[in-house]
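Colleague: Sequences and hints are given; from them, build the entire structure.
Note that the protein sequences, when read in sequence, are chains A and B.
The first sequence runs 1 to 197 under our numbering.
The second sequence runs 1001 to 1275 under our numbering.
If you are wondering where the hints come from, they were derived from the structure by calculation, not from laboratory data.
Mixed in with the good hints there might be a few duds.
Under 7 Å between C-beta atoms, here's a sample of chain B residues computed to sit facing chain A [stated by the list, open to error]:
(1) Tyr1129
(2) Ser1159
(3) Asn1161
Listed next, with one range per pair, are the computed distances between beta-carbon atoms [claimed, not checked]:
(4) A/Tyr85 <-> B/Val1067: 47 to 55 Å
(5) B/Asp1126 <-> A/Thr19: 44 to 52 Å
(6) A/Thr92 <-> B/Gly1064: 45 to 53 Å
(7) A/Val27 <-> B/Asn1110: 31 to 39 Å
(8) B/Gly1020 <-> A/Asn189: 49 to 57 Å
(9) A/Glu151 <-> B/Gln1222: 44 to 52 Å
(10) A/Gly61 <-> B/Ile1106: 49 to 57 Å
(11) B/Asn1110 <-> A/Arg183: 42 to 50 Å
(12) A/Pro70 <-> B/Ile1227: 47 to 55 Å
(13) B/Thr1147 <-> A/Val27: 13 to 21 Å
(14) B/Arg1228 <-> A/Thr130: 34 to 42 Å
(15) B/Glu1094 <-> A/Thr92: 27 to 35 Å
(16) B/Gly1020 <-> A/Tyr85: 29 to 37 Å
Please read all numbers here as calculations on a predicted model, not as lab measurements.
All C-beta atoms, glycine included, are put in the ideal place defined by N, C-alpha and C.
One-letter residues, chain by chain:
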Amino acid sequence: MAVEYDGGVVIGADSRTTTGAYIANRVTDKLTRIHDKIYCCRSGSAADTQAIAEIVAYQLGFHSIELDEPPLVETAANLFRASCYRYREELTAGILVAGWDKRKGGQVYSVPIGGMLVRQPVSVGGSGSTYIYGFMDANYKPGMNKEQCMEITAAALSLAMERDGSSGGVVRLASISEEGVERRVILGNQLPKFSTH
Amino acid sequence: MALANVFETPAPGFNFDNAGRNAALNGLFDGGKTPKPMKTGTTIAGVVFKDGVVLGADTRATSGEVVADKMCAKIHYISPNIYCCGAGTAADTEKTTDLLSSNLTIYSLNSGRNPRVVMAVNILQDMLYRYHGQIGANLILGGVDCTGNHLYTVEPYGSVNKVPYLSMGSGDLAALGILEDGFKPDLELEPAKELVRAAIQAGIMNDLGSGNNIDICVITKQGVDYIRPYRESQFKDKRKTKYKYPPGATPILTEKVVPLKLDVVQETVQKMETA
Chain A
1 MAVEYDGGVV IGADSRTTTG AYIANRVTDK LTRIHDKIYC CRSGSAADTQ AIAEIVAYQL
61 GFHSIELDEP PLVETAANLF RASCYRYREE LTAGILVAGW DKRKGGQVYS VPIGGMLVRQ
121 PVSVGGSGST YIYGFMDANY KPGMNKEQCM EITAAALSLA MERDGSSGGV VRLASISEEG
181 VERRVILGNQ LPKFSTH
Chain B
1001 MALANVFETP APGFNFDNAG RNAALNGLFD GGKTPKPMKT GTTIAGVVFK DGVVLGADTR
1061 ATSGEVVADK MCAKIHYISP NIYCCGAGTA ADTEKTTDLL SSNLTIYSLN SGRNPRVVMA
1121 VNILQDMLYR YHGQIGANLI LGGVDCTGNH LYTVEPYGSV NKVPYLSMGS GDLAALGILE
1181 DGFKPDLELE PAKELVRAAI QAGIMNDLGS GNNIDICVIT KQGVDYIRPY RESQFKDKRK
1241 TKYKYPPGAT PILTEKVVPL KLDVVQETVQ KMETA
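Modeller: Right under this line is the structure:
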């Protein structure tokens, strides 16, 4: 998931990759760097999303060198949308593009399966996202600061990981702002606990 | 004009013409199935330790329920500092690693450097993704380069995972249990070798598709130690007699000679320039 705040974005993901019922990697890093201040959260087929992310990172890097300035988050999001929409029949990729640029500050763009592009202040994705729509609707309020965003992201991901079999492991968080990127890992025993007996 | 029965050098790269033929044959078998490609049940594992990477593999190659090769080599050479264990379709792992090794050798000759592990991984990922899972190669790549000690896994659809320890193959769950229990960051050499040996042993004991001996490959900055076999199977049997028959042991009952009529179809002369 990804959340905008005034001055940047907070992104978070779980760390489980499964092949059927087997967890192929329990410490996956689903927050992939596309550019210095633009990251993407990958969901869907691991192979497809890794391939698309590499292609977009290359295209964006080239574009940034040509312009001789840091690229816009909207540009990165459009590059994702272009690939995901053109090859929509062949791909299974749900991607959240989030980052900071000088023009519009922190932005979150959602490129779900099918290749739509929409900017949202908060976005959740992946198989476990269905379990936290209600939580996000109830608890997200516009105007939260960075720490509050980190807390709500960690809480929402913990809840989703608790209910969804395909999500689990550790919570990886990152905050992107003008100062740069700050990454954090919350291990299994340190996750926020919610009592459901 | 070349005649149809004249042998031509094949075009480079993979050829999927037979996929169409196989699909057509499937319909003709009356409910029966076309033969399946040989998969080797396997246990392979890798561990990153303080000074490098240890890779391990069993040595059994099965063809259905029969052990086709008791001493097959599943740890393939990629470059002097990178080795690769392969699980899945035997032919695919063999050829893919060969291709990778050739390409990296050319790169080494051109640049004068040893290739980096991440470069090998990227080449494999590109190729496997391009073939959309049709190449059944589950590979564990381990190596040491100027940036450190690395262990990667590449799956048939082209997804890559970078982890400090892992196992693949039909015996992977058994081996992974040992690795999860025994792995610590920055192990010394002997404990690391012992951990990998125990992991492969678990695979051999608990999986029918894995067995026979254990191969270990230790890659460090100083060089590579390919120990084949590291441990031999305790269940080896001595052959009772010699099975090689001397020429003339089989009596010839009848003999029929059919001379083959061969015509010279095409003759090309290429002068060699020796100057």
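Colleague: For a quick check of understanding: which of the numbered hints are violated here, in increasing order?
Modeller: 5, 6, 10, 11, 14
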